[in-house]
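Each chain, written out:
Protein chains: 2
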Amino acid sequence: MSSQNVFLYDTTLRDGTQGEGVSLSVDDKLKIAKKLDELGLHYIEGGWPGSNPKDMNFFKKVKDLELKNAKVTAFGSTRRMGVTADQDQNLQRILESGVRSVAIFGKTWDFQVTHALQTTLEENLDMIYDSVKFLKENGLEVIFDAEHFFDGYKRNADYAIQAIKKAEAAGADCVALCDTNGGSLPHEVMEIVQHVVQELSIQVGIHCHNDGEVAVANTIAAVQAGATHVQGTINGYGERCGNVNLISVIPNLQLKMGYSCIEPHQLVNLTSVSKYVHEIANQIPPSNQPFVGKSAFAHKGGMHVSAVLKHPETYEHIEPEAIGNKRRVLVSELSGQSNVLFKAKEWNLDLDKNNPATKQIIEQIKELELNGYQYEAAEASFELVVKKGLGEHLEFFKLDHFKIFIENNADQSFTTEAVVKLVVNDQEVLTAAEGNGPVNALDHALRKALEQFYPCINKMYLSDYKVRVLDETDATASRVRVLIESSDGTEKWSTIGVSGNIIKASWYALVDSVHYFLLKQEDQLEVVHQPKTESTIGVSNH
Amino acid sequence: MSSQNVFLYDTTLRDGTQGEGVSLSVDDKLKIAKKLDELGLHYIEGGWPGSNPKDMNFFKKVKDLELKNAKVTAFGSTRRMGVTADQDQNLQRILESGVRSVAIFGKTWDFQVTHALQTTLEENLDMIYDSVKFLKENGLEVIFDAEHFFDGYKRNADYAIQAIKKAEAAGADCVALCDTNGGSLPHEVMEIVQHVVQELSIQVGIHCHNDGEVAVANTIAAVQAGATHVQGTINGYGERCGNVNLISVIPNLQLKMGYSCIEPHQLVNLTSVSKYVHEIANQIPPSNQPFVGKSAFAHKGGMHVSAVLKHPETYEHIEPEAIGNKRRVLVSELSGQSNVLFKAKEWNLDLDKNNPATKQIIEQIKELELNGYQYEAAEASFELVVKKGLGEHLEFFKLDHFKIFIENNADQSFTTEAVVKLVVNDQEVLTAAEGNGPVNALDHALRKALEQFYPCINKMYLSDYKVRVLDETDATASRVRVLIESSDGTEKWSTIGVSGNIIKASWYALVDSVHYFLLKQEDQLEVVHQPKTESTIGVSNH
Chain A
1 MSSQNVFLYD
11 TTLRDGTQGE
21 GVSLSVDDKL
31 KIAKKLDELG
41 LHYIEGGWPG
51 SNPKDMNFFK
61 KVKDLELKNA
71 KVTAFGSTRR
81 MGVTADQDQN
91 LQRILESGVR
101 SVAIFGKTWD
111 FQVTHALQTT
121 LEENLDMIYD
131 SVKFLKENGL
141 EVIFDAEHFF
151 DGYKRNADYA
161 IQAIKKAEAA
171 GADCVALCDT
181 NGGSLPHEVM
191 EIVQHVVQEL
201 SIQVGIHCHN
211 DGEVAVANTI
221 AAVQAGATHV
231 QGTINGYGER
241 CGNVNLISVI
251 PNLQLKMGYS
261 CIEPHQLVNL
271 TSVSKYVHEI
281 ANQIPPSNQP
291 FVGKSAFAHK
301 GGMHVSAVLK
311 HPETYEHIEP
321 EAIGNKRRVL
331 VSELSGQSNV
341 LFKAKEWNLD
351 LDKNNPATKQ
361 IIEQIKELEL
371 NGYQYEAAEA
381 SFELVVKKGL
391 GEHLEFFKLD
401 HFKIFIENNA
411 DQSFTTEAVV
421 KLVVNDQEVL
431 TAAEGNGPVN
441 ALDHALRKAL
451 EQFYPCINKM
461 YLSDYKVRVL
471 DETDATASRV
481 RVLIESSDGT
491 EKWSTIGVSG
501 NIIKASWYAL
511 VDSVHYFLLK
521 QEDQLEVVHQ
531 PKTESTIGVS
541 NH
Chain B
1 MSSQNVFLYD
11 TTLRDGTQGE
21 GVSLSVDDKL
31 KIAKKLDELG
41 LHYIEGGWPG
51 SNPKDMNFFK
61 KVKDLELKNA
71 KVTAFGSTRR
81 MGVTADQDQN
91 LQRILESGVR
101 SVAIFGKTWD
111 FQVTHALQTT
121 LEENLDMIYD
131 SVKFLKENGL
141 EVIFDAEHFF
151 DGYKRNADYA
161 IQAIKKAEAA
171 GADCVALCDT
181 NGGSLPHEVM
191 EIVQHVVQEL
201 SIQVGIHCHN
211 DGEVAVANTI
221 AAVQAGATHV
231 QGTINGYGER
241 CGNVNLISVI
251 PNLQLKMGYS
261 CIEPHQLVNL
271 TSVSKYVHEI
281 ANQIPPSNQP
291 FVGKSAFAHK
301 GGMHVSAVLK
311 HPETYEHIEP
321 EAIGNKRRVL
331 VSELSGQSNV
341 LFKAKEWNLD
351 LDKNNPATKQ
361 IIEQIKELEL
371 NGYQYEAAEA
381 SFELVVKKGL
391 GEHLEFFKLD
401 HFKIFIENNA
411 DQSFTTEAVV
421 KLVVNDQEVL
431 TAAEGNGPVN
441 ALDHALRKAL
451 EQFYPCINKM
461 YLSDYKVRVL
471 DETDATASRV
481 RVLIESSDGT
491 EKWSTIGVSG
501 NIIKASWYAL
511 VDSVHYFLLK
521 QEDQLEVVHQ
531 PKTESTIGVS
541 NH
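These protein sequence lines are chains A and B, in that order. Numbering-wise, full-length UniProt numbering puts 440 at position 440 of the first sequence, and it's gapless, one number per residue. Numbering-wise, full-length UniProt numbering puts 192 at position 192 of the second sequence, and it's gapless, one number per residue.
Quick caveat, the hints were computed from the structure, so don't treat them as lab data. Remember, predicted model here, so these are calculated numbers, not experimental data. Hints may be right or wrong, so weigh each one.
Identical copies carry no separate label here, and so any pair may be met within one copy or between two of them.
Subject to a maximum C-alpha distance of 30 Å in a straight line, what follows is the list of computed DSBU-like cross-link-like pairs (lysine-lysine) [unchecked claim]: (1) K310 with K154; (2) K275 with K294; (3) K403 with K31; (4) K353 with K388.
Using the sequences plus the hints, can you model the full thing?
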């Protein structure tokens, strides 16, 4: 265990946006910068001022945020060939951005110098020296990003070391060793960083990519070898397979190895920061994401669960609360009494195992599971089963009937229409709606009927729809399991329906979703007993 | 570089299905087993015969596959307390499953023995010894999975070592050290495995979980320390954050470190096996997945492109072709042609790149892919596109129109009916049929119409049906991709349809499936030009 400080350098806003499908507006970047500052990160790389006006705009606006912990950093390259540093546009833009810290990258692999840059090894060393010196003379903290350092070192260690020594000689505060292609392995990183730490007397940093799925391990190995500056991105966004994921690096270093990165009261925000960044970047959070994923502390299986509850340390590598995540017990086919009781407790449901209702609920769940229901991905439906079992009144409406008409006409035009008749507060209501498929039409018609009584229903919408055939002997005639995910813009919930008929299964999941939402709103519900007359009649006459 | 052999033990079918949202039918498992065998894996763990009838069913059916490389393995636990091994139901089931290899797990962490198992340390050692001995006496190859080994070793190394030595003494062929909680770090794994390798004279294996995002590095560290048996899953499926991802372990060991795992001609299938398993498990392949992801060798345009093309080794950690992935240059569409030619060749279709029809086919496929078609798991549809492009006559019938009526009546009875009007050989035919859902009804009506002309149509049936929403912003109104798997009892084929409307997408996939089947039968087809009169008229009058 070490109590040494490790400084965290986030490049989500620059390298992270190189990831396919990740795109951040200036406003998005400012929001994320604020969160990263609250999390206690030491550096936030905002962009490359020389490369586009958007990044320059960010540096202008970020000053108003008055960040508390983090230094805002600009990214750039060493000067071009054949110009002096003070003539170099790219270095000038960095000064104009007004940052106090900068990371500039330069080449340290001889082959890259002669073949990609197409200059001499000597000129490249001068480019590094001049650029670092110029920025230092202008009062900046300078981090030198040694591009392709590990690949360069493996081919020509002498030149790679010469290059970073040039940066040191010019006054660089830190040399960050980059595994640009992401292909190095931990034992290589360990050995090479150990050598560099002996050679340099300034701070050494590490910058890894995940092409070999070992970026977190490479970063840890570098820290063990003496690096005290760690570059990475939130959730591992980045080009190809991504940069190293700081969300995993931080708890490994801090909770398992005793390094100091951020304060414990900041660490508990790790899960929410990860989710927040996924949200802003419009990425679906992987449920199996280490440390912060929804499944990261999820436990299946009855026998196992009672052991987890008694001695969580025997089944969990860290305490989920330390990083703001939480333990989840999955209700699955193997479910026993302790799973159900634990789930109920999570939802503040009073389930006493000596209560006869409890036994009945457990029996019912077992039977539903036998019929293909699976509640691990449909907790809202599970909650409804338990609440119904405890006698809560949940019937906000009753179905009289529905009909769906799908027509592929002779001119190949296509229509899908649903007609739904409900009884709500003893009143009948008949609606019709179109959709892009039978379930979509049904959903539209159902909500059109309900909005007259529960106007809040318009706040919710279906956000995902999954279908699975449960046994394959006779596919479209088999039992199907439908999972529906719904959202009201802030919260998400999932419901399930199983039937031999896909439409019936979808209807069950739809109804559960609506019931769950209305139940949540119950306190605020103002039941409109008189529906808008014209709309109801209009549809009835349809 | 080492040239030592490493044996790969896949547990996708058992531990992989512990992952949230991963669920595999017996048929899915058989399909995956076949692919893993082709990939050259040495062991395929099929399930836990004692735990459920589904797994037992797998062991029965897998014998018919006649796997070439892999040994099918069963999973189980050491005997229960207080019974002899031959009285233990769980061990008996393993024998009944008919496997020649087995992995049984036992406890090696003293705290787990006394607190979870609630027995004495001595009794636990006996349980290990008796169970291994019993299975060896029955002629099985025995792998002892040392559960919680690393956590146990860190607290009580003596007991942990004692426990695995018991397994060795009883004749175990291999001891696999499990990092059950997934929290160990590479330097710990390295040190502990080194010690174990000194203590034991039998084979040592490693079984890692990814809770710290270092499972691949832990596995590599164990192999460096002397482990020669590696357990993991395809794509890293598994409980919580998953098991170690064999898809990343294999190329790291083989291409970077020189170990022998599988043959080079098998390694080129790595990408397609990864995708295939994602498809079967109905998981969305992460585009940033190391080695095999769509973005893993993607290069953004600009100044680097020519350098990448001239000297790929300067921007790529391995050659993508070695594992069947490919370089992508994101600004250009260079990749299309070679990809299509490659696929066509795979399926023995004669596509000459100088033939003008080929260019047209490639353009069409590119457009279809842009619209969400993906032919990895729908080779029959791909073949139809190519054959149509080459001018083969494929129109066995023409749709005039169809209608589907779904009714959930007031008495809660439910009917789904489809009416289809086709033109076959210039004759109109109108049929109606019921089904358990709209697609099932449509399928029945379609085949009822066709059987009069193509009696062989009754030999085929749909064997699986999968739906995926392509973008999640507005679930039931999004584009959906439908995959249909069909069978004629001996062969299986898969077809795809994409549309904003799930019924239309299903229809496209259905039509492809029928066309593919009829095309295969063409030689034997006896087209009945006069349909059976009474049936046609009967339905027309409906």
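Each hint tested on the structure:
In this assembly of identical chains, K310 and K154 lie within 30 Å of each other by CA distance solely across copies; the values are 21 Å between and 50 Å within a copy. Within a single copy, K275 and K294 get their C-alpha atoms as close as 10 Å, and across copies as close as 24 Å, so both meet the 30 Å cut-off. Taking the closest pair of Cα atoms, K403 and K31 never come within 30 Å of each other, the shortest separation being 35 Å inside a single copy and 39 Å across copies. Proximity of K353 to K388 under the C-alpha cut-off of 30 Å is restricted to the intra-copy arrangement: shortest distance 16 Å within a copy versus 65 Å between copies.
When each numbered hint is compared with the structure, a violation occurs for hint 3 only.
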